[in-house]
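Number of protein chains: 2
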Amino acid sequence: MTGAGPDPASEKVRLVRAAMRMIEQTGHDVTRAALASGGGFPRARVEAIFPEETDLFDAIVENWFVGHIAIMEEVLATDLPPNRKMFEFFARRFVLQRERFRADPAAFRVYCELGSVHFERVRSYVDLADHYLCELIAQAQAEGAFEGLAIDEALSLINQMVHPYIFAEALTYLDHRLSEEKLGRIVDTLFAGLCAADRGARGVKGLRAA
Amino acid sequence: MTGAGPDPASEKVRLVRAAMRMIEQTGHDVTRAALASGGGFPRARVEAIFPEETDLFDAIVENWFVGHIAIMEEVLATDLPPNRKMFEFFARRFVLQRERFRADPAAFRVYCELGSVHFERVRSYVDLADHYLCELIAQAQAEGAFEGLAIDEALSLINQMVHPYIFAEALTYLDHRLSEEKLGRIVDTLFAGLCAADRGARGVKGLRAA
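If you read the protein sequences in the order shown, they are chains E and F. Residue 15 in our numbering sits at position 15 of the first sequence; the count goes up by one each step and never skips. Residue 103 in our numbering sits at position 103 of the second sequence; the count goes up by one each step and never skips.
Derived from the structure by calculation, the hints contain no laboratory data. The model shown is predicted, which means the values in this text are computed figures rather than measured ones. Just so you know, even glycine gets a beta-carbon here, dropped at the ideal spot from N, CA and C. Please note that the accuracy of each hint is not assured.
Chain E side only, calculated, beta carbon under 8 Å to chain F, not exhaustive [claimed, not checked]:
#1 P164
#2 K182
#3 D188
#4 G193
Construct the entire structure; sequences and hints are all you get.
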């Protein structure tokens, strides 16, 4: 501290935490005005830290995903084989989400709902996860997995096949049916079976009369 | 018609249709009283057809799932090979859901929400789908698929890996990223790769430090 006033970074953290407590208590989104009056902060300070209304929400989203980003970067930096890496990539974030869900299911539901309503503020984090997953897919393909699939095709199929482990809301209705063990089997299945070859499940005519 | 009064079966159909129109217009659940006053039906007739308040909701749920049940029974009765059968089992119901979603996305969202809030009224249909899927898994295992997995384990893993195609709400945010072609690849992947063998994605120690 230089004595020149409060540190803006720690002040921002304090405001974000206060805003999150208010969201968890009220069950709905919080505006800068509500944060100032509800939290006893000077309105001018709140608006100095968050010049636009959306800046407050973005800071909350950033705080939510900071752990996810750290996990993805850590996993990408390891020298694990591709199947291990992909498991850790999904499993560690899943475990983090589950901890949050079990710590406060009602608050977790509120964040899921806010994320869904304001999906445009969350999209960049989904895109970042896809970007890292593409890197992982390329590494796996270099070792022979997902043969013949374009990276974008593999990306979409893998995201769909692990959907309950990346779609946070699934915890609210599947929780105990989701496990690291099952996720491990799913990743094993992907590495053993996912490729461009048509093995006939769809049939030659697509949907047809019985 | 015998002339002895309105046919109770067709009267029930008429009331269910009216109730569904009201749900789609108002965006929330409808009571017997609201159906009677809103639809101009004598309260006594509505209560004769639906003796309990839950009977009306149950009739709406039954109407929603009747097409699903017909599809599952038709597919089970075919002599298609197990991989084709499993694809049709999921794909035909997915296409039916997608038609409903695209015909009226707002109404579809309301039904998803009601189904989620009153999940105990929907559970028997989920259980029935699981029952049929177990039959399919047993047939597939008789031909060598899903080796070493208990039927219940295979059931849970398969449901999780096709989750976006059976979780109706997924249409509301994934729609055009879901396709019969991708579902075909997923079913191919299941038949090629899903078994009890541990191929190492999870590692020997589960989650571990990088």
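Tested hints:
no.: 1; hint: P164; result: 5 Å, holds
no.: 2; hint: K182; result: 6 Å, holds
no.: 3; hint: D188; result: 4 Å, holds
no.: 4; hint: G193; result: 2 Å, holds
The structure fails none of the hints (numbered hints given earlier).
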